[in-house]
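Using the hints, put the two chains back together into the complex; each one sits in its own frame.
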Amino acid sequence: MPQYQTWEEFSRVAEKLYLADPMKARVVLKYRHSDGSLCIKVTDDLVCLVYRTDQAQDVKKIEKFHSQLMRLMVAKESHSVAMETD
Amino acid sequence: MVLLESEQFLTELTRLFQKCRLSGSVFITLKKYDGRTKPIPRKGSVEGFEPSDNKCLLRATDGKKKISTVVSSKEVNKFQMAYSNLLRDNMDGLKKRDKKSKSKKSKAAQ
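Chains as they are written, first to last, in my numbering: chain A, 1 to 86; chain B, 1 to 110.
What the hints contain is simulated information worked out from the structure, not anything from laboratory work. Don't take each hint at face value.
[Unchecked claim] 25 Å max Cα-Cα, derived DSS-like pairs, lysine-lysine:
hint, chain 1, residue 1, chain 2, residue 2
1, B, K95, A, K61
2, B, K96, A, K76
3, B, K96, A, K30
4, A, K76, B, K64
5, A, K76, A, K30
6, A, K64, A, K41
7, A, K61, B, K38
8, B, K38, A, K24
9, A, K41, B, K31
10, B, K78, A, K61
11, B, K99, B, K19
12, A, K61, B, K64
13, A, K61, B, K31
14, A, K30, B, K64
15, A, K24, B, K31
16, B, K78, A, K64
17, A, K64, B, K74
18, B, K65, A, K41
19, A, K64, B, K55
20, B, K19, A, K76
21, A, K64, B, K66
22, A, K16, B, K66
23, A, K16, B, K31
24, B, K66, A, K41
25, A, K60, B, K99
26, A, K64, B, K95
27, A, K61, B, K99
28, B, K65, A, K76
29, B, K31, A, K60
30, A, K24, B, K96
31, A, K60, B, K38
32, A, K64, B, K38
33, A, K24, B, K74
34, A, K61, B, K96
35, B, K31, A, K30
36, A, K30, B, K38
37, A, K16, A, K64
38, B, K65, A, K16
39, A, K41, B, K95
So here's chain B without its partners, still in its complex pose (with noise of 0.2 Å):
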C-alpha cells in the first residue's frame, strides 16, 4: 500500500481511472482515521498515544495497484475541490436521462 501525499494521490487516482476504462473497477474507501501507526496491543498499556481527531483515509485501488491518502482539516477544503472535479470528471460512463427527449419526438411524430 502506498501512502502517498494529497496531491500525489489525485494525480495517481486520474491514472487509475483511465486505465480502468475499458474494462475493471475503481475502488475508493473513506475512512475516519485518528493518527494511530502502530496496532493497538491486545493486552497491556498504549504507549502514550494522542488519537487526533481531524484526519481521514482515502485509499483507492484497481484491484492490483493500491494507494492510498490521508486528508486533513488543513488540507480538506483545496483537496476536496479538486478530489470532487476529478470524480465527476472521471465517473462519465453512465446512462443519461433522456426522458424528455423521447416525449418531444414522439409528439413532433404526432
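One chain only, chain A, in its complex shape (with noise of 0.2 Å):
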C-alpha cells in the first residue's frame, strides 16, 4: 500500500489507475478536526494509493483533484453532438 510523500506524484499516479479501470477504481477521503489530519486513498482492490496531511495548503489541492475526478466519472464518453456533424 504505497504511501506518497509528494502531492505531485501521487495525483499522477492515481489519476492514471482512475483511468485504467474507471469503473473499479474509487476514491476515499478521511477527514480529522481533532487531529487536523486528512487522508486521500485511491483503489481498484488492487493497487492501493495513500496521501496524507496535515496541511492546510494541501487541502485545496485535494478538493480541487476530488471535483476534478467527479468530472472524470459524470463525463459521458458516447459521441457528442458536435462531431456529429462530420
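So, in C-alpha cells, the structure goes:
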C-alpha cells in the first residue's frame, strides 16, 4: 500500500489508476478535525495509493483533485453532438 | 444507508462535519456509477439493464450515520461548486505553513 510523500506524484499515479478502469476505482477521503489530518486514498481493490497530510495548503489541492475525478466520472463518453456534424 | 437528493446530501454532510469537530473522522467515498439497482446474478442473463455512463455515487459517514447521493452530469456543475465550498470551509483544522513569518521574526531579532 504505497504512501506518497509528494502530492505531484500521488495525483499523477492516482489519475492513471482511475483512467485504467473507471468502474473499478474509487476515491476515499478521511478527515479528522481533532487531529488536524486529511488522508486521500485511491484504489481499484488491487492497487492502493495513499496520501496523508496535515497542511492547510493541501486541502485545496485535494479538493480540486476530488472534483476533477467527479467530472471525469460524470462525463459521457458517447459521441457528442459536435462530432455528429462530420 | 440513506439515499438523498444532492441538496439534502450537502446539508447532511455539513452536519456530519460539525458533529465530528471535537472527535472522530468523516469518511467520504466517490465512485463511478452505472445506474444498476439490482445485483448482478452469478448465472443467467441480466434482465434488460442499460448501463448509463454519466453518474457517480458519493457516500459519507462518520462511522455511525451513513448518507449517500447520486450525481449525474446535469447536476454536476451546481453540485460541484457547493460541494467544493463545503469541503474547503469545513476542512480548516489543518496546520498553516508559517515558515515565512518565522524567518521574518528571526531577521527582525538580529
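Tested hints:
At most 25 Å may separate the alpha-carbon atoms for a hinted pair to count; K95/B and K61/A meet this at roughly 15 Å. At most 25 Å may separate the alpha-carbon atoms for a hinted pair to count; K96/B and K76/A exceed this at roughly 38 Å. A distance of roughly 19 Å separates the Cα atoms of K96/B and K30/A; the hinted pair therefore holds under the 25 Å criterion. Distance restraint check for K76/A and K64/B: the Cα-Cα separation of roughly 34 Å exceeds the 25 Å cut-off, and the hinted pair is therefore not satisfied.
For the proposed pair K76/A and K30/A, the alpha carbon gap of about 28 Å is over 25 Å, so the pair is violated. With a C-alpha separation of about 15 Å, the suggested pairing of K64/A with K41/A holds against the 25 Å cut-off. Simply put, K61/A and K38/B have alpha-carbon atoms about 36 Å apart, too far for the 25 Å limit, and the pair is violated. Between the alpha carbons of K38/B and K24/A the distance comes to roughly 17 Å, so the proposed pair stays at or under 25 Å and holds.
Between K41/A and K31/B, the direct Cα distance comes to roughly 12 Å. Compliance with the 25 Å bound is thereby established for this hinted pair. Between the alpha carbons of K78/B and K61/A the distance comes to roughly 20 Å, so the proposed pair stays at or under 25 Å and holds. Between K99/B and K19/B the CA atoms are separated by roughly 32 Å; this puts the pair beyond 25 Å, and the hint is violated. Restraint check: the Cα-Cα separation between K61/A and K64/B comes to about 28 Å, which exceeds 25 Å; the hinted pair is violated.
Distance restraint check for K61/A and K31/B: the Cα-Cα separation of roughly 19 Å lies within the 25 Å cut-off, and the hinted pair is therefore satisfied. A threshold of 25 Å between alpha carbons decides the hint, and for K30/A with K64/B the separation of about 14 Å falls inside it, so the pair holds. Note on K24/A and K31/B: the hinted pairing holds, with a Cα-Cα distance of about 8 Å set against a maximum of 25 Å. The straight-line distance between the Cα atoms of K78/B and K64/A is roughly 15 Å, inside the 25 Å bound, and the hint therefore holds.
With a C-alpha separation of about 20 Å, the suggested pair K64/A and K74/B falls inside the 25 Å cut-off, and the hint holds. Annotation: proposed proximity of K65/B to K41/A holds, straight-line Cα distance about 21 Å (limit 25 Å). Pair hint K64/A plus K55/B holds up; C-alpha atoms about 19 Å apart against a cutoff of 25 Å. For the hint pairing K19/B with K76/A, the CA-to-CA distance comes to about 36 Å; that exceeds 25 Å, so the pair is violated.
Straight-line distance between C-alpha atoms of K64/A and K66/B comes to about 24 Å, which keeps the hinted pair within the 25 Å bound. Our distance criterion of 25 Å between C-alpha atoms is broken by K16/A and K66/B, whose separation comes to about 29 Å. Between K16/A and K31/B, the direct Cα distance comes to roughly 15 Å. Compliance with the 25 Å bound is thereby established for this hinted pair. For the suggested pair K66/B and K41/A, the alpha carbons sit about 19 Å apart, so the restraint of at most 25 Å is met.
The hinted pair formed by K60/A and K99/B meets the criterion: a straight-line CA distance of about 19 Å does not exceed 25 Å. The hinted pair formed by K64/A and K95/B meets the criterion: a straight-line CA distance of about 19 Å does not exceed 25 Å. The suggested pairing of K61/A with K99/B holds, with an alpha-carbon distance near 20 Å, which does not exceed 25 Å. Using a Cα cut-off of 25 Å, the hinted pair K65/B and K76/A is violated, with the two alpha carbons roughly 32 Å apart.
This hinted pair checks out: K31/B and K60/A have alpha carbons roughly 20 Å apart, not beyond 25 Å. Between K24/A and K96/B the CA atoms are separated by roughly 35 Å; this puts the pair beyond 25 Å, and the hint is violated. With a CA separation close to 37 Å, the supplied pair K60/A and K38/B exceeds the 25 Å bound. A C-alpha spacing of about 32 Å is found between K64/A and K38/B, which places the hinted pair above 25 Å, so the restraint is violated.
Between K24/A and K74/B, the direct Cα distance comes to roughly 23 Å. Compliance with the 25 Å bound is thereby established for this hinted pair. Under the criterion of a C-alpha separation no larger than 25 Å, the hint pairing K61/A with K96/B is consistent with the structure, at around 14 Å. Restraint check: the Cα-Cα separation between K31/B and K30/A comes to about 15 Å, which is no more than 25 Å; the hinted pair holds. Distance hint between K30/A and K38/B is unfulfilled; the C-alpha atoms sit about 29 Å from each other, more than 25 Å.
A distance of roughly 16 Å separates the Cα atoms of K16/A and K64/A; the hinted pair therefore holds under the 25 Å criterion. The hinted pair formed by K65/B and K16/A fails the criterion: a straight-line CA distance of about 32 Å is larger than 25 Å. The straight-line distance between the Cα atoms of K41/A and K95/B is roughly 20 Å, inside the 25 Å bound, and the hint therefore holds.
Hint violations for this structure: numbers 2, 4, 5, 7, 11, 12, 20, 22, 28, 30, 31, 32, 36 and 38, all remaining hints satisfied.
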